[in-house]
Amino acid sequence: GDSVTQMEGPVTLSEEAFLTINCTYTATGYPSLFWYVQYPGEGLQLLLKATKADDKGSNKGFEATYRKETTSFHLEKGSVQVSDSAVYFCALKDNTDKLIFGTGTRLQVFP
Amino acid sequence: SAVISQKPSRDICQRGTSLTIQCQVDSQVTMMFWYRQQPGQSLTLIATANQGSEATYESGFVIDKFPISRPNLTFSTLTVSNMSPEDSSIYLCSVESGARSGELFFGEGSRLTVL
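Here the protein sequences line up with chains A and B, keeping their order.
No gaps in the numbering here: position 53 of the first sequence is 53 in my numbering, and each next residue is one more.
No gaps in the numbering here: position 91 of the second sequence is 91 in my numbering, and each next residue is one more.
So here's chain A without its partners, still in its complex pose:
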């Protein structure tokens, strides 16, 4: 079945460092791809999405590009802030319209 694989955390960075969180997927069709974020003490919220190959989703300085050839949707940010500390979940919407989530990657940013 369809699945999502994320890099394990925690990812620990200093403020203003470059961030990459890897996400790859396995799907039989052409899924939509998502990144969700969960800040401490809050519920999950959508960060960005891409619905077809080569689409780039972006929000709050984060970007991810839908790469069909490598079945990837890596999350990047050029300069992280302490306030970006959170757990990040990669997800896909399969052909039954269900969301399948990765295991989440915890990001810790230190001043």
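Everything hinted at is true.
Using 30 Å as the maximum straight-line C-alpha spacing, the simulated DSS-like pairs for lysine-lysine come out as follows: (1) A:K68 with A:K52; (2) A:K98 with A:K60; (3) A:K98 with B:K65; (4) A:K98 with A:K56; (5) A:K98 with B:K7; (6) B:K7 with B:K65.
Honestly, the hints are just simulated from the structure, not real lab data.
Starting from the known structure of chain A, arrange chain B on it as the hints suggest.
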């Protein structure tokens, strides 16, 4: 956007007991989703709850263990029955922002610990 409130936010339960989690949405929605997040694992969909009909359960989840109610378009409950330590998880309620969009709004979750 939708604001989702869940109760309780956390609880410690004894083995063999049952607990009901409530989910309240600030707007009317057709479908509500219940997820489970076990320690160190991804979110897993338990069931989809439509108002006026029985919930649709995913593989591995059954109504006897996780009965769901959906009495109106803004409210749902999930009961975890006859709990065991393996049921210790975060249970999350969510709704979709638009039909088939895949964009979900989540509650803060209910963290259950079963002793």
